[in-house]
Structures are given as structure tokens and as C-alpha cells.
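J.: Using the hints provided, position chain A relative to the given structure of chain S.
Listed below are the residues making up each chain.
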Amino acid sequence: MALWTLFGLSSGKATTTWPAGDDADGQDGLLGMPRYNPQACDEGCRICAEVCPTHAIEAHDDKLSVDYGRCVICQLCTEACPTGAMTPSNDWAFGVRDREDLVWASGGAPTAAPGGTGKRAFFRSLHVRHVDAGSCNGCESELQALNNPFYNLHRLGIFFTPSPRFADLLLVTGPVTRPMFEPLLAAYQAMPEPRWVMAVGTCAVSGGIPGGNYACATGLEGILPVDLYLPGCPPNPAAIIDALLIFLDRAPQRVSGGRVRD
Amino acid sequence: MIGTRIRSVTAETLATEARALRDTGGRMQFAYAWSPNGDDIEVRYVAALPERKDFETWLLRAGNEVPSLAHIWPLLGWYEREMMDLSGIRFAGHPEPHPLVLREGAPSRGNGQDFLKHPPVDGGHHLPIIDAKDIQRLPFGPIRADVVESAEFTFFYVGEHILHYQPRLFFKHRGMETCFNGRLPSDAVVVAERVSGVGTVGHALAFCEAVERAAGCDVPVRARALRVLLAELERLYNHLHYLGHLCSTTTLKVGEAQGKLLEERAKQLNARLTGSRFLRSMLAPGGLRRDLAPDKWLGDALEALRKEVIAYVDRLEASESYLDRLITTGPLPKRVAFDQGATGPVERASGLDRDLRRDHPYALYDELPVTVTTLEEGDAYARERVRIAEIEAAFDLCQRVLFRLEPGPIRTDGVAPPLSEGLGWSEGPRGSLFYAVHIGGDGTLARVKIKSPSFSNWRAFPLTVHDSNMMDYAINEASFGLTIAGCDR
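Chains S and A, in that order, give the protein sequences.
Counting along the first sequence from 1, when you hit position 216 you're at 216 in my numbering, and nothing is skipped either side.
Counting along the second sequence from 1, when you hit position 356 you're at 356 in my numbering, and nothing is skipped either side.
Read the hints as simulated data drawn from the structure, not as lab findings.
Glycine residues also receive a C-beta, built at the ideal position from the N, C-alpha and C atoms.
Just so you know, not all the hints are guaranteed correct.
Residues from chain A shown here face chain S by an in silico Cβ test under 7 Å; the list is partial [as the list claims (entries may be wrong)]:
id, residue
1, Gly26
2, Arg103
3, Leu261
4, Lys296
Isolated chain S (complex conformation) (with noise of 0.2 Å):
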């Protein structure tokens, strides 16, 4: 017979404590959206833009306009970029409330759009439905590791509930496929209101990879109102948990104008 109870109590708590203690976010050497340096960038150059997937980067008049909210984080720019113009980076905290926050801006001060209110009511009891509309399932595994012991997100008061109707947030993940498309709405309606939306990963925020093709819309722009945009590919955990908390107004959005700020 196993003693699981004692094993389990013996082996102590591997919970960590962050965002609010000094423990480690267990994200080491995860590689987030490429930082993009303007001065470091040669005039005419549009490697970056010819490698990108996505047409997160796009050449206009010997500008380049780059949208975080398109970028699967497949590296290849920084790979590309001769110049240094496009580095990996660490910055995989990517949630914001204003899709124009997501597309790189010049222009110095924060532009971060201010928290919603009417949130105070769920600021320690959040009830989250999740909708795959079409993901890879990297998303789903991502989501799914947020209630295993090293993150354990009931610490933090959200919960992920079976019913639409017992949700307050709809998080949706996927480029929203064909025969997706009705049971999302149903659900959406079936949420009693004040109800949010949250897009979860690349393909729910723009499309992603398949985005647009036969059997699949650019994400959820156009389909429904997103409150909350965490583009990634997919988003780690730690992204997740620190864009839940900014949608409650629990954590500050650090990211603006396509870059964080400090």
C-alpha cells in the first residue's frame, strides 16, 4: 500500500510564492517576444520582415511596423537581423488591455491603457471559462499546468469553472475555426453579465499561423469584445497568471506601445 498522504506531506510545499514572494517564476532561460531596437536598424533592410511568419513585421516606406500581437516567437528575425536591430529577449509578460498596445510605437511616455473598474467585486474570486476555438493544444497545456503544484492558481482566488454561466471570464484560445465559431457564442451569451473577455495566445489575439485561411478567423478580433490581449505561443503559465492579475487590476500592465516598460 502506498502512503500518498504521508508522501505528500513529507515532501513538502512546492508551491511558489510568486508574483508576491522572492521565489523563483520557474521560467529560466524562456525566450519571450524579440525586443526591437529602431537605432541599431539599417535603412532599407527588410530581412526581418521577409523571415516573419506572421507579417508580425512589415516593411512600409523603409519603415518597419512591428505588431507583438502577431509574433509566434519563432526567433527567426533575431536570427535574421544583421544588425542587432531584432534581439531575443525574456520578455514573455505580454498582457495588455489595448490591442494598440501590442504594436510598436516610437514616442517615450507610457501609454498603458488604465484598468477597467467594476472589477472590485472579483478581485479574489475569479470564475474563468475556458474555450478551445481551434488551438495547437500548446495553449491547453499551458492552462492545464496552471493547476499543478508549482503554480497551484487557487492561491490566488482563480478558479476555472464547467459552466458559462457560473463564469465572470471567457478565455478564449485558438484562431476560432469554422464549426468553433457557434458553440463560442452560445457560450458567450450563456455568461451571465458583467462578462469578460480574455484572448489567450497568438491565434486567439490575430489568427496566428492558420489565421484566415479556409477553415479558420483572424482570432477573436471582430467576433467578440476582448478585454484582455496575452499574445504568446503559446503564453507560459507565469504570462498567464501575471495577465489574469492585470485584468483584475491586481498587477500593473507593464507593456505599452510594444515594449515593456519599466
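T.: Structure of chain A alone, referenced to chain S:
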């Protein structure tokens, strides 16, 4: 096609050839269609012959109608239905000629952005007509409880007893095969890596092998060794997830927590080694995108993880409540596993001794001892034990690779010439994976066919659910370790 010998067949000889393949101990792998010059459709059947390390491809220049082989090779039933949906061929005499991948009335070409203006059609899904007293029908999904992938399951049951079970998949069909079209082979690994998130390395590896065979390039030894390391690390975190999930379905709570914690440790190792918890952005046709420096820390970390996994498995083996739920649950007979094309740990637990790593070696597997574990029982417990044996073998393979790793180049140049083609394969955590790659006249990809392991195993799974009971369903499903993204593509 390199990696496979091509042979022309005709519609008249097709059935004879298919029977001969079956009677000589060969095995059909998969079939797909493509149009080399826009109009004429070719159907290709890929088969494994006994004692041969390469494969055989039958090429059938099809009109609009081809005789169905589903009565000789039942596993072809789904491939034929997929071709009927996406390529417009008819398979005469098909036992289930209704749509599989698409919904009835859904156009296969259209603008996905107009969903609000033109809502997609939700067609019927061909449930059997069961008209008898006391039989209840339970539709479940496509949005189901818990954080899971989308699919709809229908149960016909009386009390606890399931009479008939029908999964309806392809809610997540993303048209991934067409996402390759028009891209250069060197740029398309990013697509293969996103077909099935938890199968990133397996998909990328099979795709790269296919392109490399088309290009005729030899991958440097160091890259081949590191590919084995990445593939085995993928097997590790997937199988550890599987054990935690299996404990969850048998309500062994501490066992679930420990299994998922071990999976998390494995994913954190992946991130530390490659920058990605799913081992993404590493593979490229010709080798690796960048070198890895798995210094002593990786070997030490893997050894520490191995010790914890062994202690964990010992505790599972001593948990009667857990074992009681697995033993005799969801048996898959060997014959059914073969006929329906079950693959990976599922077929090996039903007594089929096949593993692409040993039988058709790729990467560096021909220079490494690959232990293939098979069991005869075919129940949930056998599937669990096969996976546990594969975890131990994966630790061993990782350490051997780290031990023999020599400095050297990690990438070779090689361009697949226009109008070339190649077949690539790998044995992922869930079973056999194939990529058939066709290069067009301009050097970009013209057609990529993905054969994923879950497409095969989802076909076999329902046959273990009919005539079983509700309490065993979740355990049985978990014991198959299926993904839906890989199946639906």
C-alpha cells in the same frame, strides 16, 4: 520519392495489391491525394513492407472515382473520407461515405473572416438511429468541463452501461496542411511546430527529414544526436503528463499532483535548455537552427528527475485503488489494433511490436539501443506500463546522447530542387508521424500531407468504449493519451 519506392497501380489492380500486402505481413500506413498540375488527382498509398527500412508508395492516377479499400484495410476509412472532403474524389463502395473533416455544406475554400456575415453551417453528424425504450442519449461537448480540447462525444446508454459511443472530431480543423503551401521548405518548420503543440519536435523532425530526403542532404552527426535528445525530452514531459492525468481520472489526488509536478520540472528543463517549454524553434531542414550546450547540468538534472520518477512509479504500482481501475479497463484486441491502425504505446500495449525508431531508423537512432516494450493485455494498465517503460528508455537515451556528444557542425546546406518530393517520419510520444512533402516548380512547397498519431488512435478508441460502462470512460480515454489538435489539424 526518397525514403520510399514508388510504384504505379491502377484502379483495377488496387484491391488485389491491397490484399497481397495484408497477406504477406505488410502494413498500410496512410493515404493522401494531391494534384501535381492542378487538375489530375493522384492518390498515394504509403505502406510498410516486412523487413524493409524504407517504405513503399503506390501511385494511382485517379479519375473522379476510386474503389474504396476500407473493407480490406479498415484504417483507410478515415483517410478516404478526408480525401472525399478536401480533394473531391469519390471512393466507390465506402462503408461510411459521409463528411469527416468538414461539416456538410461547408465550402472548403472561403474567406474565414466573414463568419459574422455568413455563419458556418453545422451539418448532421450521422449518429446511428437507435429507437428503443429506456435508451438514453447524452451529447457532451464540443465545449466540455475542465480545460480540455474541443470535441463532441455522444453516448447511447442504459443506466451505467454504454451501448454505443460516437466522438465527433474536427471542430478544430485549421487547414494546417494548406498553411505550408507557397512557403520555402526552409521557412516552414514554424508551421510544422504548430500542428500539435505537445508534438512540436515530432512534427518538426518528420517534416525536416522529408525535406532533407527531397534535397538529398546528410545531416551532421551532432545535429542528429541533438535531435534524438530533443525527441526524447518531448517523450518525457508528455508521458509524465499522461501519468498525472491518469491519476486524476482515478481520483488519486496526491498522485495527480506529483505527476503534474514532475511534468512541470521536465518542461522547465526544456525551457532552460532551448528557451521554449515545448522545445520549439530548434529544428531546421539540414540540422538545427542553433547549437545547444547541454553541459553537465542537464545530465545531473535528468538523473535527479529519473530518481523521482522511479519512486513515483513504485508508489503507483503499490496503489491498489489505482490499479483496480486500470486492470481490464478498455481492452483493445491485437487484431482490432492492427486493422484500425492504432499506433504508438497504444498498439504496443496490444501486442503489436512496431516502433519507427527501431524498424525505420532516422536521426541517430540506428546508432543507439532502442528498447521497444510490448505487452499482450491491451488494457488501460498495459498502456500505462508501456509508457512507463518508455519513460525509463527515454532517460537512458538522453544520457547516452549526452555521453557521446562530440563537437561539430550542426547544420548542412541543401535545397530541395523544384519538383522533388520526400517522405519523413518520426515516432512521437503518441506514435507514428509521417510527412509527405512535394516541392513545386518554383521551389516552394506545393503539397504537404501530415499523418498524425492521434488521427490513427482516435479511430481505434471508440471500439474500446462500446459495451463498456460510464465509470470507466474517463480512465479509458486518459489511457489512450489522445490529442485532438493533431487529429483535426
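J.: Now, for every hint given, state plainly whether the structure supports it.
T.: Right, here's what the structure says about each hint:
1. Gly26: This hint is violated: Gly26 of chain A lies away from chain S, its Cβ roughly 32 Å from the closest one there, beyond 7 Å.
2. Arg103: Arg103 of chain A check passes; min Cβ-Cβ to chain S is 6 Å, inside 7 Å.
3. Leu261: 5 Å, holds
4. Lys296: 16 Å, violated
Comparing the model with each numbered hint stated earlier shows that hints 1, 4 do not hold.
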